[in-house]
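J.: Okay, here's what each chain looks like letter by letter:
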Amino acid sequence: EAEVAQSPRYKITEKSQAVAFWCDPISGHATLYWYRQILGQGPELLVQFQDESVVDDSQLPKDRFSAERLKGVDSTLKIQPAELGDSAMYLCASSPIKYGELFFGEGSRLTVL
Amino acid sequence: AQKVTQAQTEISVVEKEDVTLDCVYETRDTTYYLFWYKQPPSGELVFLIRRNSFDEQNEISGRYSWNFQKSTSSFNFTITASQVVDSAVYFCALSEAYNTDKLIFGTGTRLQVFP
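Sequence order for the protein chains is A and B.
For the first sequence, the working numbering begins at -14 and goes up steadily by one.
For the second sequence, the working numbering begins at 2 and goes up steadily by one.
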């Protein structure tokens, strides 16, 4: 069972609605990531946090996506308004050290109708 | 630009067969890291291995082995005596030294092992 907790596991929403995903990383992991995985593709980094600070959000569509990690522990990813092209799996991961050994959650699958 | 190519979209084998998953990468950096992750049907990606660009030694872990060849920019993954539990999508990934945590993933290879 994955130790990175994500919710909800599944979300169906209509376009133009707001949606939010929550992630609780492994305790003690300073680095937290949100990845988006479109069906049939590899994950793509949306945002990377080191504690509560954003390290990289170059791939985050900032006109509609936002992410926060206020206390440097859990994190929320929000989409407003959702578009059809946002349908994907949103994966959260955390890491205790550098060099890419990430621990992933089971993901939140979003379907936008 | 960085890029990871996994040309094999899907591979099907019968249990106990050996199977090799190919990975070709592109990067301009001399220092970089290569990874393999497994994504079972449950969805979470599971870390399998990390290799830095200065270490070309092949690695073996049980039934898994990895062949890193800088001359051909390849980092291939072989499963020996495959089992049904190996069925998953396997991703190869690359990161560069300036941000070792930013992984660029390939499109994955779906492996199906039939009994």
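Calculated from the structure, these hints are not laboratory results.
It is possible that some hints are incorrect.
Here are the simulated BS3-like pairs of lysine-lysine, each with C-alpha atoms no more than 27 Å apart in a straight line [said to hold, decoys possible]:
#	chain 1	residue 1	chain 2	residue 2
1	B	Lys71	A	Lys63
2	A	Lys47	B	Lys103
3	B	Lys39	A	Lys(-4)
4	A	Lys47	B	Lys4
Here chain A is said to cover these stretches of chain B; the calculated rule only asks that three of the stretch's residues, wherever they fall, bring their Cβ under 8 Å from a Cβ of chain A [claimed, not checked]:
#	segment
5	40 to 46
6	92 to 102
7	107 to 114
C-beta atoms are modelled at their ideal positions from N, C-alpha and C, and glycine is treated no differently.
J.: All hints, please: hold or fail.
T.: Evaluated hints:
1. B:Lys71 - A:Lys63: 40 Å, violated
2. A:Lys47 - B:Lys103: 19 Å, holds
3. B:Lys39 - A:Lys(-4): 24 Å, holds
4. A:Lys47 - B:Lys4: 24 Å, holds
5. 40 to 46: holds (count 4)
6. 92 to 102: Result for this restraint: holds, n = 6.
7. 107 to 114: Three-residue rule met by the segment 107 to 114 of chain B, so holds; n is 3.
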